[in-house]
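Asker: Here is what each chain is made of, one letter per residue.
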Amino acid sequence: MAIVEMKRVELLGLKRDKMRYLKKMQQMGCVEVTQRPPDETTMQDAQSEKREEDIDKLIARLDVAIGKLRPYDPVKQGMLTPRPEVTQDQVAAALAARGEITAVVERLEEIERRRGEMRSQDARDRTLSEQLLPWITMQEPLEKLGKTRKAAVYAVESPRAAWEKLEARLFEVPSLTVQTLTGNEGKGTVRALAAWHLEDDAKAEELFRELGISRVSFEGYKGTAVDALGVIGQRMQDADQEREALLQEQIKMADRLSTMRILRDALAVERDQLAAARKATDTRSTFLLRGWVPANRAEALAEAARKISPVCEIQFSDPEEGEKPPTMLHNSKAVSPFESIVRMYSTPDPGGIDPSFIMLPFWVCFFGMMVSDAGYGILMGLGGAFVWWKLKGKGLGQMAFIIALGGLSTILWGAFYGGWFGVSVPARVLSPMDDAIKVLLLCVGVGAIHLLTGLGVAAYMNIKRGKPLDALFDQGFWVMLLAGLGLMLVNGTVGKVLAIAGAVGILLTAGRAKEGNFLKKIVGGLGALYGVTSYLSDLLSYARLFGMGLATGVIGMVVNMLATLVSGSFFGNILAVVILVAMHTFNLFINALGAYVHSCRLQYIEFFNKFYEDGGKDFMPLTNSTRYVDIAD
Amino acid sequence: MLSIAQIIALFGAAISVFLAGIGSARGVGIAGEATAGVVSENPEVFGRALVLELLPGTQGIYGFLIGFIVLIKLNVLGGVAAIADITLWQGLWIFAGCLPIAVVGLLSAIAQGRVAASAIVMLGKRPESSGQGITMTVMVETYAVLALLASFLMVWFAA
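Residue numbers (our numbering), protein chains in the order written: chain A, 1 to 633; chain B, 1 to 159.
No wet-lab data here; the hints were simulated from the structure. There could be a bad hint or two in this list.
Listed below are the simulated DSS-like cross-link pairs for lysine-lysine, each with C-alpha atoms no more than 25 Å apart in a straight line [unchecked claim]:
| hint | chain 1 | residue 1 | chain 2 | residue 2 |
| --- | --- | --- | --- | --- |
| 1 | A | K57 | B | K125 |
| 2 | A | K307 | A | K76 |
| 3 | A | K467 | A | K521 |
| 4 | A | K23 | A | K394 |
| 5 | A | K438 | B | K73 |
| 6 | B | K125 | A | K617 |
| 7 | A | K7 | A | K438 |
| 8 | A | K222 | A | K252 |
| 9 | A | K521 | A | K7 |
Among the chain A residues that face chain B by a calculated CB cut under 10 Å, a handful are [to be verified]:
| hint | residue |
| --- | --- |
| 10 | I341 |
| 11 | Y345 |
| 12 | C365 |
| 13 | I437 |
| 14 | K438 |
| 15 | L441 |
| 16 | V558 |
| 17 | C600 |
Computed from a predicted model, the values in this text were never measured in an experiment. We put the beta carbon where it would ideally sit given N, CA and C, even for glycine.
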């Protein structure tokens with residue numbers, strides 16, 4: 001339970017060693033490089049800026065390419081495979097293969113482009129064949145349609161009603177002859193060949209227009225409709241073949257995936273170095289780098305720097321007045337996964353307190369009370385532990401650790417309430433249904449302990465800062481008042497005395513910071529005393545521990561009841577098993593989610609409220625921040 | 001033949017299930033629309049957005065829970081003949097007990113859905129803010145939990 005003390009670090013060195021320093025820092029992962037002050041000018045290094053930009057672009061392209069190749073990865077990676085660790089040699093090899101890999105990426109992008117072209121060609125071909133299909137009985141070669149020296153021959157399309165009118169009026173255009181196509185009989189549209197002498201051209205056009213008969217153009221086709229369809233079909237077939245070939249090529253490229261991943265991460269590491277380098281102040285031959293380093297790593301850093309080159313000056317200093325160092329939390333292995341829950345709320349102020357440790361038992365306890373089914377607890381405990389072990393506690397493994405601990409607590413509380421997969425067993429301490437009031441009181445009681453612990457932490461911080469009186473006034477009296485009120489339920493007199501003493505204390509001291517006379521201070525105290533209502537609502541808030549627990553139990557019961565209803569016959573039993581598995585999974589999921597969220601809320605709102613000081617900035621050291629592989633030193 | 005008192009009590013079970021259910025459906029729906037919008041631009045926040053989207057879903061569960069407890073109380077699950085004989089006043093009592101989760105469930109789920117939708121939009125702009133978003137959204141839930149408790153106590157301890 002600690003926020004690590006930070007030191008400012010200033011490193012002055014020769015420019016030719018600059019990247020070596022940064023590389024070392026990145027390896028150590030203990031320095032957050034800060035931007036030079038805005039009033040300092042530096043030697044611009046256009047070349048390295050350009051390089052950084054190029055790398056950035058290549059990384060983005062590699063990410064896309066890796067995503068495209070992943071489905072064909074020869075080495076299948078499940079969600080539970082930890083990131084592979086690669087050696088420096090492998091990194092060097094991947095960097096050396098940069099040109100080759102870039103070619104692969106380019107080829108892949110070309111393949112994507114080609115696929116896009118083929119897709120649109122396919123769409124066009126499909127429309128064309130739909131157009132051509134009704135004309136397959138037409139023997140006339142398509143390129144012959146149109147006007148010759150003396151005559152016009154066209155393919156026409158017409159609604160049937162209009163066609164009948166045309167047949168009746170054929171005499172109006174003496175040279176017009178029509179021939180309907182077979183295969184279109186009885187359909188709403190008539191397709192036909194129409195021919196006329198060019199002398200009658202105007203008349204024929206006029207007649208067609210009047211009746212709403214349209215000419216169909218087949219420009220660019222050769223041979224009959226059947227021939228044209230054949231050409232299109234061939235083209236689509238070729239496209240299919242080409243697609244298959246491209247796919248094979250892509251699958252083959254997937255062999256390079258592991259190199260691509262290493263290269264991508266190696267480039268990311270280099271980019272981070274360059275970005276950090278740009279934050280320094282450069283002269284022609286020296287550089288000045290500023291940053292933050294955890295106090296306990298300062299010596300190691302200085303030593304490493306001197307080892308690189310004795311020609312350097314490294315200085316450490318405490319943060320100046322009013323300057324806020326970044327916040328780095330440090331906890332034991334069991335507690336550190338819970339830092340993520342604290343961070344989800346906000347990063348603590350560097351001068352504040354890291355609540356991960358003190359929060360842990362409450363969080364786990366509340367989670368268990370809300371899921372409150374021992375059967376579900378066993379599943380979560382085993383599942384979480386398995387995932388945690390598989391991932392070696394990294395990344396998602398941290399979450400798995402939290403779930404495993406929550407599962408353990410769920411087993412205990414489930415046994416306490418007597419709930420096992422929705423079945424209520426008589427071996428229990430309290431039943432949420434039959435002893436509802438007692439369970440409700442228990443929840444509020446646990447909540448009271450939580451709140452008092454919060455006040456205790458606040459008092460501890462006041463004392464640590466050399467303000468024991470503040471601890472007494474702002475927390476001690478409240479503890480007296482609240483504990484007194486609680487005691488009144490058990491022992492009237494003692495509780496009453498304690499509560500009144502606390503209340504008077506608050507009345508007299510809470511307004512002490514107010515300007516003005518005694519009366520004003522008392523009014524301030526009265527206002528603070530009114531805050532007792534917020535404690536009431538805080539306490540009631542813990543009733544959710546009961547409500548959520550009840551929900552899990554009752555839904556589980558309903559699931560079992562449904563399964564019993566359908567069971568009996570062979571198929572009924574199968575259905576019952578399906579219902580049991582599916583619905584219990586759903587119930588477990590939805591309640592674990594609810595328990596997680598509400599357990600966090602009880603920390604954030606009810607607990608942190610009493611002492612937490614947020615507003616810190618996360619410590620972001622220059623480090624090997626990779627996506628696909630871990631790079632060994 | 002059911003008595004009017006039994007019918008009234010069953011009505012109570014019905015409204016607590018369907019009003020709270022409507023509320024949750026609306027709430028999750030509102031949040032779901034926001035999720036679709038944000039995920040279309042920022043697919044990697046889907047997991048966190050889904051957590052937020054599910055939060056307004058609990059009211060429906062609470063409503064169902066109370067409805068189920070009424071059924072237990074009346075012994076409906078033992079068959080029509082076994083339904084407990086209750087007086088008109090007891091029927092009305094149970095009905096009254098169903099009201100908190102029915103009404104609060106309906107309205108709080110919709111309100112929570114709105115907060116969830118805003119939080120999801122916030123998530124799209126600042127993916128690291130999921131904790132704050134969840135906290136804001138869960139604040140609304142408190143009142144649904146209180147209503148659930150009130151309904152539970154009233155129905156379970158109906159004389």
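Asker: The structure should be examined with respect to each hint, and the outcome stated for every one.
Answerer: Hints, one by one, checked against the model:
1. K57/A with K125/B: Status holds; Cα separation ~23 Å.
2. K307/A with K76/A: violated (43 Å)
3. K467/A with K521/A: Judged against 25 Å, a Cα distance of about 20 Å means the pair holds.
4. K23/A with K394/A: holds (24 Å)
5. K438/A with K73/B: holds (20 Å)
6. K125/B with K617/A: Roughly 19 Å between the alpha carbons, so the hint for K125/B and K617/A holds.
7. K7/A with K438/A: Outside the cut-off at roughly 52 Å; violated.
8. K222/A with K252/A: violated (40 Å)
9. K521/A with K7/A: violated (41 Å)
10. I341: holds (8 Å)
11. Y345: This hint holds: Y345/A lies near chain B, its Cβ roughly 5 Å from the closest one there, short of 10 Å.
12. C365: violated (18 Å)
13. I437: holds (8 Å)
14. K438: violated (13 Å)
15. L441: violated (13 Å)
16. V558: With Cβ-Cβ at 6 Å, under 10 Å, it holds.
17. C600: Interface hint status for C600/A: holds (7 Å vs cutoff 10 Å).
Of the numbered hints stated above, those contradicted by the structure are hints 2, 7, 8, 9, 12, 14 and 15, listed in ascending order.
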